[in-house]
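2 protein chains.
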Amino acid sequence: MMNEEEFSNWYNDIIERANLSDKRYPIKGMNVWTPYGWKVMTNIDRHMRNEMERTKHDEVCFPLLIPEDQFAKEAEHIKGFDEQVYWVTHAGKNQLDVRLLLRPTSETAMYPMFSLWVRSHADLPLKIFQIVNTFRYETKQTRSFVRVREIHFFEAHTCHADFEDAERQIKEDVEVMDRLSKKLCLPYLLSKRPNWDKFAGAVYTLGVDIFMPTGKALQIASIHQYKENFSKAYNIKYEDENGNHKDVHQTTYGMSERVLGAVIGVHGDKKGLIMPPSIAPIQIVIIPVLAKGKNEEILKKNRELKEELNNNGFRAFLDERDIRPGSKYFDWEIKGVPIRIELGPRDIENKVAIVVRRDTGKKIEIKREKLIDVLKKIMDDISTELYKKAEAQLKNNILSCKTIDEIKSAESFVKIDWCGNDDCGQRICEESGFTMLGTPVNSEKLDKQAKCVLCNKEAATKAYMARTY
Amino acid sequence: MMNEEEFSNWYNDIIERANLSDKRYPIKGMNVWTPYGWKVMTNIDRHMRNEMERTKHDEVCFPLLIPEDQFAKEAEHIKGFDEQVYWVTHAGKNQLDVRLLLRPTSETAMYPMFSLWVRSHADLPLKIFQIVNTFRYETKQTRSFVRVREIHFFEAHTCHADFEDAERQIKEDVEVMDRLSKKLCLPYLLSKRPNWDKFAGAVYTLGVDIFMPTGKALQIASIHQYKENFSKAYNIKYEDENGNHKDVHQTTYGMSERVLGAVIGVHGDKKGLIMPPSIAPIQIVIIPVLAKGKNEEILKKNRELKEELNNNGFRAFLDERDIRPGSKYFDWEIKGVPIRIELGPRDIENKVAIVVRRDTGKKIEIKREKLIDVLKKIMDDISTELYKKAEAQLKNNILSCKTIDEIKSAESFVKIDWCGNDDCGQRICEESGFTMLGTPVNSEKLDKQAKCVLCNKEAATKAYMARTY
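Chains R and L, in that order, give the protein sequences.
Counted the way our numbering counts, the first sequence spans residues 1 to 469.
Counted the way our numbering counts, the second sequence spans residues 1001 to 1469.
The set of hints was computed from the structure by calculation and includes no laboratory data.
Be aware that a few hints might be false.
What the hints assert, rightly or not - Okay, derived cross-link-like pairs now, SDA-like style, lysine to any residue, Cα gap no bigger than 20 Å in a straight line:
hint, chain 1, residue 1, chain 2, residue 2
1, R, 28, L, 1389
2, L, 1093, R, 39
3, R, 56, L, 1317
4, R, 23, L, 1069
5, R, 39, L, 1050
6, L, 1093, R, 70
7, L, 1127, R, 19
8, R, 402, R, 431
9, R, 237, L, 1026
10, R, 127, L, 1039
11, L, 1073, R, 27
12, R, 28, L, 1112
13, L, 1039, R, 50
14, L, 1023, L, 1010
15, L, 1127, R, 392
16, L, 1039, R, 126
17, L, 1056, R, 19
18, R, 127, R, 164
19, R, 140, L, 1090
20, L, 1093, R, 98
21, R, 56, L, 1281
22, L, 1056, R, 310
23, L, 1056, R, 402
24, L, 1056, R, 307
25, L, 1093, R, 307
26, L, 1093, R, 82
27, L, 1328, L, 1268
28, R, 79, L, 1090
29, R, 28, L, 1069
30, R, 56, L, 1303
31, R, 140, L, 1094
32, R, 56, L, 1315
33, L, 1056, R, 36
34, R, 23, L, 1010
So here's chain R without its partners, still in its complex pose (with noise of 0.2 Å):
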């Protein structure tokens, strides 16, 4: 376990070495993606577009700036951002009659337009998403994709007949993430929140948490149900098959760019990044071995290993620098290209190539007639490596603790028994200065007269708890 500090130190140098973002922009916790960290980012977008047009979300894009009065209509809501938002009070040199707010989230955007889009049971369900910035002013101290001020966000949105379909989205949404989970093989803890900090709005919150090499949790996503809390304020009715009119259910599934944090700070090493091969921008990069009177024929072989490789469906880049070879698995290392190809000379008469994992440093001579075939399993292998070691990570570090003192002095996530009440819960956390993630979603055994870690009384259930991000 690393502490905070050389946890810190690590993850600031490294994005900063592999240059996947540049905070040095002039507004602070508002960086510049970068395009190695960009490519990165998309690649994600892309898996998420991809399960949502297999679930049958369609995209669209809302507008970025949402009048005062429309993000008024909803009080809990507007009571857990008004401190997080940023005003628009001018245009040119006119002061706008109605104060305009950039997006925290969009709820408030889309439900006056949903509330003219649904009509009837027919259109029902209505499933959307979008990919945009979206904005809240931190007080916190920022961090590169972990706590920013201007944050690339994933949110889908939909609206349903009864309480029935919108649950069964969100056992939808839950599907979703575990496959995203599988691509960026990151094992995650899927936790109801508590009612204390349950998404403003929302009837119940689920919380979506990566366990952290400092032992502290990283919340990446969360998926909402919000019963009719806002089609209520917003007035998003439906005639159902028997003429009557009805409120719809909604929800929500979020995510931020805090993914690639995750990604970041579960699978990186000393040397830098290790990118998970689905969203590496570079998935193979071949280094020339050159030699003296050689290095045309040697620079053809490598660049028809390149187009192969390309071919058969890999991201793969020849790296043609005039520098040591040794600087270029350093430089690769560092952005977390999954596998190193060398090709010199004695490997093209042999016919042969040397293939390293980034993984586990592992080298090996590999057929070059088998090349392809061994790729592919490799890159299967890390993969699938990879999520098992994180989710070895995860299980052997959530410690059961039976006091507050325990929890205290855990360095990992914890799991307690609870009575199930809401202020025994908060004192819980308030003593031992953790949070409470919440309670399991599939619910777990509890001992026969598991007792809660406070207040001693017959427990109601388990619930996790960690320090946080």
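Assemble chain L onto chain R, guided by the hints.
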């Protein structure tokens, strides 16, 4: 030619019925991209991304907000925009120390970072682009895609060692524009804007104008040569091979969602949109013609056809809705799907399919075994003919005028002889009510003894003029 009112009614009606965009959002000029319109726009973006990859531009994403002091560094630039920007003055309950503006374009966001990124000649050329939303406080009447306050925007920015290399870049930009125009079947007029109409901060500006059915010009893109104007203001210097520090030369290439407005206006007809195949979300719609007792078999054949088309690289859609085929024809004509296929029991028996072109309305019977090959050919023909038709429209609507009165009464674009003097040019505009688009980029031959249309002095150049959006 349509008059402005006819065109406006038709244009707004088509956008609403094809559901490209919803302008009922509670801020005027900030519209919602609905799924169909967003698909078309992202298809256009995809072509631009491919062009940028081909020409080795890296994609980035810069913050939306720009601090006032950064914005104010280039005097001409701020003068051009300060009436048009939205100002963020508050965050949460706090007033900000430095006001932030929503980017109207990204020079002043990017160039402070370029100053950090560019160190030596080895960093040049720097070629980047982004596709983002920009903001302009329009006071004129808004119109979907043509005049909006939140703009879907493509912008490429480059830095070069010298003027010559920057000029090479501008040639490349024109080539990119040319290739895109083929994809969109949108011939354009390229003019060097007159001095009084160049971009704020540019040394010169090339404007890309489309001939609209009203006879007016719609500017969809522009390319700017900045020389060292911005690099001096933002301190973007490099060290050359001899250790001298020099200011970089810069160019930009900007293009907005207006391209979609042009596609709608140029290709559409009374029945609705006509989508160029390369950007049509659905290229082929299949309408099953059912017959009692045979529906299962007919649907099966229709589904097989859809699969086959998709496997052959077409974007095909099977419309299985339980409504009359005639209603389906109507719906897909509005949306401009290039090709419709009708497949019923008799066609299945005779091993044929009925293929209908959206652009010409021509209906032909094609042997099932030759269908794929013929469809590929038809799809190419549609693109070619849409382009040719629009090209003829443009070429036949440039009227050579010898007097101000002739210009005044023109209902098309106009070509004049001009002395090249700015004062005289601006008077030509005032007196004729036309805008000068500029001078031809590939200089056109003047007649011997050609005289300026206003001052009657010796003409120095041809110039294009038009009424504009």
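Here's how the hints hold up against the structure:
no.	hint	result
1	28/R / 1389/L	violated, 52 Å
2	1093/L / 39/R	violated, 36 Å
3	56/R / 1317/L	holds, 14 Å
4	23/R / 1069/L	holds, 18 Å
5	39/R / 1050/L	holds, 14 Å
6	1093/L / 70/R	holds, 19 Å
7	1127/L / 19/R	holds, 16 Å
8	402/R / 431/R	holds, 14 Å
9	237/R / 1026/L	holds, 19 Å
10	127/R / 1039/L	holds, 16 Å
11	1073/L / 27/R	holds, 16 Å
12	28/R / 1112/L	holds, 14 Å
13	1039/L / 50/R	holds, 14 Å
14	1023/L / 1010/L	holds, 15 Å
15	1127/L / 392/R	violated, 43 Å
16	1039/L / 126/R	holds, 17 Å
17	1056/L / 19/R	holds, 18 Å
18	127/R / 164/R	holds, 15 Å
19	140/R / 1090/L	holds, 17 Å
20	1093/L / 98/R	holds, 16 Å
21	56/R / 1281/L	holds, 15 Å
22	1056/L / 310/R	holds, 18 Å
23	1056/L / 402/R	violated, 59 Å
24	1056/L / 307/R	holds, 18 Å
25	1093/L / 307/R	violated, 57 Å
26	1093/L / 82/R	holds, 8 Å
27	1328/L / 1268/L	holds, 18 Å
28	79/R / 1090/L	holds, 17 Å
29	28/R / 1069/L	holds, 15 Å
30	56/R / 1303/L	holds, 18 Å
31	140/R / 1094/L	holds, 15 Å
32	56/R / 1315/L	holds, 16 Å
33	1056/L / 36/R	holds, 14 Å
34	23/R / 1010/L	violated, 48 Å
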